[in-house]
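Undergrad: Chains A and F are the protein sequences, given in the same order.
So for the first sequence, my numbering puts the first residue at 1; every next one is plus one.
So for the second sequence, my numbering puts the first residue at 1; every next one is plus one.
Just so you know, the hints here were simulated from the structure itself, not pulled from any lab data.
Be aware that a few hints might be false.
Label-pair restraints from in silico Cβ distances [to be verified]:
# : chain 1 : residue 1 : chain 2 : residue 2 : range
1 : F       : R74       : A       : A412      : 45 to 53 Å
2 : A       : P95       : F       : D104      : 44 to 52 Å
3 : A       : I233      : F       : A20       : 37 to 45 Å
4 : A       : V173      : F       : D413      : 30 to 38 Å
5 : F       : R372      : A       : V204      : 37 to 45 Å
6 : F       : I233      : A       : Q229      : 50 to 58 Å
Glycine is no exception: its CB is placed at the ideal position from the N, C-alpha and C atoms.
Protein chains: 2
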Amino acid sequence: MTTSDANTPQSTENPGAHAAGRPVVAVIGDGQLARMMQTAAIELGQSIRLLAGAPDASAAQVCADVVLGDYRERADLDRAVAGADAVTFDHEHVPTEHLRALIDAGHSVQPGPDALVHAQDKLVMRRRLREIGAPVPPFAPIGSVADARAFAEAVHGAVCLKARRGGYDGHGVWFPDPGELPELVSRLLTEGVPLMAERKVDLVRELSAMCARTPSGEVACWPVVESVQRDGICVEAIAPAPGLPADLADQARALAERIAAELGVTGVLAVELFESRDANGRPRILVNELAMRPHNTGHWTQDGCATSQFEQHLRAVVDAPLGATDPTAAVTVMANTLGAAEEPAEPLAERFAAVWRRFPAARIHWYGKTHRPGRKLGHVNVTGADGSAAGIAATRRIAELAAGYIVDGVWADGHVERG
Amino acid sequence: MTTSDANTPQSTENPGAHAAGRPVVAVIGDGQLARMMQTAAIELGQSIRLLAGAPDASAAQVCADVVLGDYRERADLDRAVAGADAVTFDHEHVPTEHLRALIDAGHSVQPGPDALVHAQDKLVMRRRLREIGAPVPPFAPIGSVADARAFAEAVHGAVCLKARRGGYDGHGVWFPDPGELPELVSRLLTEGVPLMAERKVDLVRELSAMCARTPSGEVACWPVVESVQRDGICVEAIAPAPGLPADLADQARALAERIAAELGVTGVLAVELFESRDANGRPRILVNELAMRPHNTGHWTQDGCATSQFEQHLRAVVDAPLGATDPTAAVTVMANTLGAAEEPAEPLAERFAAVWRRFPAARIHWYGKTHRPGRKLGHVNVTGADGSAAGIAATRRIAELAAGYIVDGVWADGHVERG
Ligand SMILES: Nc1ncnc2c1ncn2[C@@H]1O[C@H](COP(=O)(O)OP(=O)(O)OP(=O)(O)O)[C@@H](O)[C@H]1O
Ligand SMILES: Nc1ncnc2c1ncn2[C@@H]1O[C@H](COP(=O)(O)OP(=O)(O)OP(=O)(O)O)[C@@H](O)[C@H]1O
Ligand SMILES: [Mg+2]
Ligand SMILES: [Mg+2]
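Isolated chain A, as found in the complex (with noise of 0.2 Å):
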């Protein structure tokens, strides 16, 4: 601990801070993943050392030992992770060779970069999984206006173009008229933005298949979830997903666990996922992309399953034995809280409080970020004991109503508070 300079931002490094006798985990990034570990983590009594770019991000404001850093510096890593039992990440975007001379010094970097490279680059995911006979959209590394020219005439102009690199909540993925394709791809080019294409899917909805896997080799499974999408963001996951057809939930959980081992992923894994229709109209899967950390079709795991995505995370890269991945609710929904265009005149603690009262068993997470207009600034989980469909639905509109409360301020339904 540290004499108090508020001028001179620079640590907390703090190796105190670290429960005896049980394993401290490095985690670089400080957005709502890494906060939401160190929950997690308190409760293990296992420590995170973070590596934050500021004092103020969303992990940092709740950890006792954060370096202050850039997680591109080699020399910010070597700080952070300094007596770190294991590193592990809130986000996939740490240079590998960084990741490799970690390893070559000895550290245990959980997932390793030979794995967390298919989740930095969407075409060499592509090519690997295509490689190990995974079920993906048709699609071609996109290198000239010709080569978009010609896949798009390949899949009958059904184009989804995107950055193989850099790319979150939709920025960097493009559905462009046949028109416009030339001149996006010119663009996107021109400004260095490397491109692959693939067949833009006819979608039934959107799944997850999320696992969790240790260095030993142990996985875990959680159920299959829906994940319901707007303008290329996550706004609510529905757990189990609904009607979900028990072979296709089943191949989905095979395929991550599949995945989770040829490609040696280590932590939790989430492979979105594509339902389609296959040429006779049956229903199938397509692998969209992977996350090689929590992601936020797990977030229900927090209230409504044995083990939070959270914990397992953390028990797998310091490779402890996985925790039970029941579900504790026939049904439990996420609903994401995004930015509004404008932050509603009535405080956030009002906000809070109307949705407690109106719906004392919601669950809101809060990671402490500023608002911004379509940020995600939180979710909220509500657990339903009926799993028929107008239960689910009855559920979703609980977490619905209360999500939209707490970005708007104002109830979707009308409701009109008694006093």
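Starting from the known structure of chain A, arrange chain F with the ligands on it as the hints suggest.
TA: Below, chain F with the ligands alone, put in the same frame as chain A:
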């Protein structure tokens, strides 16, 4: 955030480490209760400013904004509460005169000194409870050996002698034989221990009725729990209390609610109860003592209830609406892990691993404390879907085996793991 200087441990007072638009709660005390408040605080986005006695204290290990100081010193309290929206506690030992001064200075102290005094002094508590008509054992202040002799005669020798202040985990509670009583009383009075005596109750078992109350007067009760004590320490809690007649459960909950209201308690209140029998052999309850903070018998709520006691406490002290208190499982058993006479040779991490391999659904909570015989180091929660007597017994067995393995490095049932 601050510059690193490991040799001058002072504080990490970091006002930046708080979520925008959400309340800051100053927590006085650095033990496991404060630590587990931080778990809840992170998800609520409701930041904690901690007053801790040492940088490696249980709660100080996991908080970003820590003031090092002494809760008996007014100046340290002032530093800790500056700018906080509410002040609360993980123990009841802050001098009430300081709390009154904080209130005079405009701070919101929850619970306030007029309530807290009943958790600080067992005689004050007994008198007040009798005043409001709550059932308590016969009791008397003990200021002399003659007082003790007279009380012993009145209760036919069934004497329980108690230090009025500062007792915990059975320290400060004595059950002297009639012959030993005079000498014990004389010694304790000479040592300056203020004493009271009460009738030694013929216990069927011990119960705990917990609720939370807001400054606005909203109250929410949890199900009544059975508290299993060994040598004056809580070793296990079973929620809900098995076989408790509904009328007795209602009476216990109503009692907790009434005590909270009459004494002006805010935050979590635990009412420790004795289950006994009246002259006709009918079950009855008597109040043992009060705690005005999260309580060991409420730890089960972390994994078996819609809202944990730690979240509820944080919501209550900022006068936010309370959460639902419905159990999420038919039975939840909490077993404490109390430090063994000697720490086992097997490393802690491997004992955890052995427990998780055998019981993947066991929930271990660890406080980050160093080993000491009898010390509360952590606890294990286990939920069960079967609320029958056999189901409860099976759930208890798992919790006891798991906690026992962590403590002793041995399976109490002789189980041998196959490799
Ligand atoms: N081939 C496709 N066909 C149809 N829709 C697609 C396709 N690829 C992506 N999408 C849509 O765009 C969304 C975002 O795509 P993707 O997951 O690749 O982008 P991202 O920006 O990396 O998102 P994330 O926030 O999940 O990291 C998908 O969830 C889906 O709704
Ligand atoms: N009057 C009594 N009759 C019988 N047993 C009693 C009596 N008072 C206390 N006990 C036993 O001693 C235990 C400890 O008593 P008490 O709760 O007053 O002490 P404490 O040290 O303050 O404990 P805590 O750790 O709960 O603060 C009780 O849980 C009960 O088992
Ligand atoms: Mg995606
Ligand atoms: Mg007691």
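Undergrad: Taking each numbered hint in turn, which are not upheld by the structure, reported in ascending numerical order?
TA: 2, 3, 4, 5
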